[in-house]
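Engineer: If you want the building blocks of each chain, they are given just below.
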Amino acid sequence: MNGDAHVSNLIVPRDQNGMPVPMTESEHIAGLKAALLKDIQRSAYVYRVDCGGCNGCEIEIFSSITPVFDAERFGIKVVASPRHADILLFTGAVTRAMRMPALRAYQAAPDPKITVSYGACGCSGGIFHDLYCVWGGTDKIVPVDVYIPGCPPTPPATLYGFAMALGLLGQKLHATHHVEGEDERSEVGHPGIPYDIRVEVEREARRLAGYRSGRLISDEFLTELQVGGGMPLDECVKRMLSGEDDPRRTEIITRLWDICAGVAKG
Amino acid sequence: MLKLLKIISRAGEATAKYPFAPYPVSPGFRGKPELNAGQCIACAACTTACPANALTMSTDSAAGSRTWSLNLGRCIFCGRCEEVCPTHAIILTPEFELAVGKKSDLLQQATFNLAACAECGEPFVAAKEIAYAADLLVQSGLTLTDAQRALLSVCPACKRKATIERDDISQHLSPEVKP
Amino acid sequence: MSQTNQTNVGQGYVDGLRARFPGAVLDESWQTAEQVTVTIKLDSLPDVVEWLYYDQGGWLSVLFGNDERPLNGHFAVYYVLSMEAAVKSWVVVRALVEPQRPEFPAVTPRVPAAVWGEREIRDMYGLVPVGTPDSRRLVLPDDWPDDLHPLRKDSMAYNQRPAPTSDIETYTFVNDATGATRDVPLGPLHITSDEPGHFRLFVDGEDIIDADYRMFYVHRGMEKLAETRMGYDEVPFLSDRVCGICGFTHSVAYSNSVENALGIAVPARAHAIRTVFLEVERLHSHLLNLGLACHFTGFDTGFMQFFRVREKSMTMAELLTGARKTYGMNLIGGVRRDIMKEERTRTLKLVAELRSEVTALVDMLLSTANLHQRTAGVGILDKKVARDYSPVGPLIRASGFQRDVRTLHPFADYANQPFSLQTEEGCDVLSRVLVRVREVYDSFAIIEHALDNLPAGPVLVEGFAYTPHKFALGITEAPRGEDIHWSMTGDNQKLYRWRCRAATYANWPPLRYMLRGNTVSDAPLIVASIDPCYSCTDRVTFIDVKKRTSTTVPYKEVERYGRERKHSPLK
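Chains as they are written, first to last, in numbering that gives the first Met the number 0: chain A, 0 to 265; chain B, 0 to 178; chain C, 0 to 570.
Because the hints were derived from the structure by calculation, they are not lab data. The structure presented is a predicted model; accordingly, all values stated were derived computationally and were not measured. We put the CB at the ideal spot given by N, CA and C, even for glycine. Check each hint, because a few of them may be wrong.
What the hints assert, rightly or not - In silico DMTMM-like cross-links for lysine to aspartate or glutamate, where the CA-CA straight-line distance does not exceed 20 angstroms:
no.	chain 1	residue 1	chain 2	residue 2
1	C	Lys-348	A	Asp-244
2	B	Lys-102	A	Asp-129
3	C	Lys-152	A	Asp-129
4	C	Lys-340	A	Glu-250
5	A	Lys-76	C	Glu-317
6	B	Lys-102	A	Glu-24
7	C	Lys-311	A	Asp-69
8	C	Lys-493	A	Asp-129
9	A	Lys-76	C	Glu-556
10	B	Lys-16	C	Glu-317
To be verified - Sample of chain A residues at the chain C side, in silico, Cβ under 7 angstroms:
no.	residue
11	Val-11
12	Gly-51
13	Val-67
14	Met-99
15	Arg-206
16	Gly-209
17	Arg-211
Claimed, not checked - Partial list, computed: chain A residues near chain B (C-beta under 10 angstroms):
no.	residue
18	Ser-42
19	Ser-116
20	Gly-124
21	Cys-150
22	Pro-154
23	Leu-158
24	Tyr-159
25	Ala-162
26	Val-187
27	Pro-193
28	Asp-233
29	Glu-234
30	Lys-237
Use the sequences and the hints to build the structure in full.
Structural biologist: So, in structure tokens, the structure goes:
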């Protein structure tokens, strides 16, 4: 019974390979949308369509409508049925199992409506973009008006996305394309420090303090050494450590000091 | 009921002011990755590390160029690109206002020139990567001769051939069998 | 036969197996001091699993298949048992299946907890569990072609998308209602009409007789992805996204599975930092669930207040990891960020604030008459049902069982942290609320203690030897319960196999027994008490077995009825 493909089971239009094609909307409806935008700036009803996400997005949408972020200040109300929706909010990468339920919700919402694609999964399929059980993003099944990237988008990013969808805030992000300029050259970090020392210090700093704090501390350490100029290593480090009130930083800097001394000897 | 009212009143004005005031993200917040193209050597380490394939590198040999792309729609904001970049060219900024109307606005790109191999003339690596490698060798204490500098612009296949000839390795190889 | 150098914990179980089933054990191999994999004759599979389960204090944590034809010419099935009697360890029962005879004797008739795992093996490998009472699809969608089994090594590429075979759902729902037919006609399905939902409640008036539900709408294909496009060190970021609520717990379980397999000694500081992040995640999840408990008992102001204070745990996550959710902090061998003085101080301050705010709210919640009336005696998880189905987390602890991975099989730094295994005897929704409340306070204590005692040294170890075809388990306790991962390393620095079992997977099967005997208006609260992914149930179909009618309503409508208790959607 599962998987018998007889004609009555195929409802959505297909291309010549049997793959479903996304819904499209007519120009007439696109025109109505502009009018809708003006109407709903005061209060917008949002229906969430879960297309098989991990629920991280659901959690942040939830947070956006609770007191700390309070999307209801902008008239955004979550409704229980697509029939009452002005805005459809799609989360998830569109799993195979959710394709038809999502389309049914889309059909049920009256035109004109605004579709928002939420999170990396909605925008493009995210980390799952090419998996066998996923179609790869909201616009694989329905036309999309606004994309909100994030994994998951934070509540402020969500508010921003909605405000932008409602025409209350302008779009900040645009495509960019840099082309290599004349004499463009990458700078070597800490050019005054011998290569071996720099590399050992940076690697050990990352092992000790992770990529972020490790980088900050090793940069600080190497800059001190460079600026110290002729000052002996020991004095340089002692100066760094005096007045240090974070014991962890003291531990790390001391260890980097050992590394330096070791490399210098060997 | 009274208990509840007390809690609510003590909570005060809990709502964040955003978007009417900027939102204070924590230091180290993982927002939009930003490429400082000047620092990029098009080595593609970030594209290898990216778990979501948001970062990709494509090569156009005919045009002699290599293009780095970031699709912010696929980005999962993990920061692995920042972690592996050898020149600190890409870092995650606190920027989170990333919503767009057109999908194409999510694409950030940078195109770099490929250097041609001094021997065979095929483009094989970003010119900036060669320059950077030379600078690293200098930082490690080498004074590069002209011959050594020239060798940096030779592609790996030609380098292998040159090594075999220079070191006369052919004397150790079996004679070539003619079909 | 291979053995580790340490004393093997659980050797007694293996020796007992050999004595009880002479000739059945073909091989014994130890992955860690507490994990042994015993290969047995296929025919002995149900006997062996049943004996370990009911006679030796074992619980079935996960079972899965593996296509080992490239390695040894066979498929393999693995049944992972958490041994929780006097000696706590892991016994993995493994059996090989001939490719020419792709079937194996089902364990489900002896151990009900095996039902979903065996259905999944059939979906993914095409191996038939002979004698199983339930042979419906589990994870593959209705529009998936028959005879295409994704996890076979030679069946398909990970990114191949077969054309949908159907645009309408074809799943059959079952029920055990006595005196009623199994097939209640529901009429034709059409794209624009009310479609049957993920939940079927079989009722007699307002009383629930039985329930069936369809999960796995979220099946994406992650296990196959981990074998193909991703390297083993990218999979932590994938595992973060198995579930958005307890993603970091999954990421630790995965990392542990590979670290155990390769014998990597993770630095002490990394274990401690993982512990802090794990407890921060537990806080946000439990506070969410407590907020929902308020919501479903009609106490919406309490709901909003719990959400307000919960924001502090999200801020904690952001300042420690750079993101409120999906922390992305694990690599094989340790973590990616350290905790410096500034972050420590701010986190401790937030913990103190949270503790006093939560105390006030919990006081209020527990003293509302409404709460007791709505939750005491409701949604009982009977002890026998619990023992048969191996559920996990606060759900099983509220039925009196001592099951918490942090205590039974300590991981990360839990062996050094101050907390207790919290249980209740009521077996009802109220007991689950009480367990979660006490665990919130334990989380505060653990975070403070861990931050006050962070070991010196690195947060990440590098330079370990990567060896293909090593395997082991990684097990953690998520807010909802045990997460268990099994990884086998492969060639080319990619995984050969990754099996990831989320806590809720173990908790759905007994849910129908918890619903029976309750009323429709209690259903949303009972479902919420197992703390599931709450968006999995958007429509419910009620089938009145006496009147032979069916009604489909949005789940939100049932929730409203649960809170207000007026205007039943069934009328």
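Engineer: Going through the earlier hints one by one, which of them does the structure break, listed in rising order?
Structural biologist: 5, 18, 28, 29, 30
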